[in-house]
Amino acid sequence: MNYLEMKDITKNFGAINALQGVDFNIKAGEAVGLMGDNGAGKSTLMKIIAGNLRPSSGEISVQGKEAVFSNPLDARRLGIEIVYQDLALCDNLTAAANVFLGRELRSGFGIIHRLKHAAMNERSAELFKELKSETRPKDLVERMSGGQRQAVALARTRLSDPKLVLLDEPTAAISVRQVAEVLARIAQLRDTGHAVILVSHRMGDVFEVCDRVAVLRRGRKIADKPIRKSSPEEVTGLITGALEAA
Amino acid sequence: MLSEKRLSFLIDNLIWIILIVVFTFFVTQSEHFLTERNISNILTAAAVLGVLVVGQTFVLISGNFDLSTESTMGLGAMLGLWLIVPAAAPTFGGGIFLNPFLAIGAVLLTGAAIGYAVGCLITFGRMHNFIVTLAVLLIVRGFILAFSEGAPVNGFNNPSAEVFYWLGHQKAFFIPGVGNITVAVIATGLLFLVSHFILQHHKFGRELYAIGGNRKAAEQLGINANRRIRQVYMISGLLAALAGWMLAGRVVSIQSNLGEGFIFTVFAGAVIGGVSLQGGRGTMLGALGGVLLLSTIDRGLNLMHVSVFWVKVIQGLIILVAMFLDAQRVRLRELSLPVVSYTSEKKSESET
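Those protein sequences? They're chains W and V, same order as listed. Residue 15 in my numbering sits at position 15 of the first sequence, and the numbers go up by one each step. Just add 1000 to the spot in the second sequence (first one is 1) and you have my numbering.
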């Protein structure tokens, strides 16, 4: 059964049709590469899945049940985590504060509570250790290297036990060595039964870790096929418009 | 060369060093400065400013600012007394004879409503906070003038007015070496303490820092930034009205221009205390330091018999110094950041 199923998704921004009748689905343990040129609608589709945007029309179901995301927390509750292209970090906060932002551990009841700083620092340290990162929980994000910032964003996705992880251009702003580490993490996620959607401009990354590739052009899905039945040349043709559809 | 940690500590605690230097300077300049009466005066004068600075600090940390609070403070003071005292001379009230406790409730509610309205205009109306708060500053001040026709409201020998004056007027206890501690000072101290806890140890404070630091990221992670911004403006309005209630007890006769120009001192207090105009940075304790510094300077100049004309010049200079310090904090922070990212990482890779 598909973990996530999207049917006939349309998203309009005024007169602009960012997505038009897009169908998309993904199973647990599957990694799908989402490709397309700038303005193709990749980020819009990701934001709809992550609960940042609501579709103008269409249906979304998670594990066979209809789902309506009115904000990112709704998507998180259903096990959908996202790593944004800009990593969505607050430079003025510590690594641990960023990891737990929006999901802080608290003691007390309702509005009368106190943040559990020590517990959040401890858990963040464990997550960084799992990610083999030297990031320290109490360090300010503004003092971190690109790799450490990436580790903070990735650590967020491991706070809960996510079922679907969205990665928006995770290798766009890191060094060659770190790209290999990120790809290994994606493969590890897939192999441990997580569904992974990878948005990337880097053809090599998609062909290395994904099982399937979906191509968007001008808001429409024009291809969705197994990686083994496609080639970088074909995908390039689909993205640029040299090929109509596949 | 200072280490990164020490530099960071110095930036964060600069206000206390400045406060000690300024305090020591005035001690050497006036024999009356280190008296119980003067210390008590410094603390009492700091109370009203402190309440406004607390509200402004919440707003600034969320990456916004509120110019309207001085007018809301003036309205709070005048409205409360007007609801209580007779219409005839010499009090010039509304002749409503409202119970003073209800009048206090009305004052606080009015302040919170003005603040919330400002927040709604900024978030729902998508209007710039500078323009909105400037407009509200003028509207509320104009309303006070039109409402009072420029005449002061007084509470001379009125028992109900005495209840209203209690917060700003009443002495609570005496501390040897410090002098009389007023209820206003205790209230402001508690307010700083609670606000410090909220900013540092409560989810609300954590979200304000996140919104001020990177609003887009905060929203991507599910934080409702617009709702939080409406809430901080409501807090700011509520505290401005509280400051008005407090001030009424100190001045007794409420003039229609009460608090005019005070907003610059409020900004100076917060910014000198390390609260950044860029949002996302600063602490309530730092803001407290800023308030104590301004109050100390005010009393010190007074004791040195500096002309009121020169006091204006000095106040302007203090605001300039506050802005300069804010800019230098950003510069120092940038200087202390590691020059990392791609160049150094790629270099290490090519070496391997």
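Treat each hint with caution, since some may be false.
Dumping the calculated DSBU-like pairs for lysine-lysine here, alpha-carbon to alpha-carbon at most 35 Å [to be verified]:
| # | chain 1 | residue 1 | chain 2 | residue 2 |
| --- | --- | --- | --- | --- |
| 1 | W | 229 | W | 27 |
| 2 | W | 116 | V | 1216 |
| 3 | W | 163 | V | 1312 |
| 4 | V | 1203 | W | 65 |
| 5 | W | 116 | V | 1203 |
| 6 | W | 7 | V | 1312 |
| 7 | V | 1216 | W | 65 |
| 8 | W | 132 | V | 1203 |
| 9 | W | 138 | V | 1171 |
| 10 | W | 163 | V | 1216 |
| 11 | V | 1312 | W | 138 |
| 12 | W | 132 | V | 1171 |
| 13 | V | 1216 | W | 27 |
| 14 | W | 163 | W | 138 |
| 15 | W | 129 | V | 1203 |
Computed list of chain W residues with no C-beta within reach of chain V, every gap over 10 Å [unchecked claim]:
| # | residue |
| --- | --- |
| 16 | 23 |
| 17 | 29 |
| 18 | 37 |
| 19 | 51 |
| 20 | 59 |
| 21 | 67 |
| 22 | 76 |
| 23 | 86 |
| 24 | 88 |
| 25 | 90 |
| 26 | 91 |
| 27 | 92 |
| 28 | 97 |
| 29 | 183 |
| 30 | 188 |
| 31 | 243 |
Computed, partial: chain V to chain W, Cβ under 7 Å [to be verified]:
| # | residue |
| --- | --- |
| 32 | 1201 |
| 33 | 1213 |
| 34 | 1220 |
| 35 | 1225 |
| 36 | 1277 |
| 37 | 1280 |
| 38 | 1283 |
In case anyone wonders, no lab produced these hints; they're calculated from the structure. Don't be surprised by glycine CBs; every beta carbon is placed ideally from N, CA and C.
* To do: Could you tell me which of the hints above the structure violates, numbers in ascending order?
  => 3, 6, 9, 11, 12, 19, 22, 23, 24, 25, 26, 27, 28, 35, 36, 38
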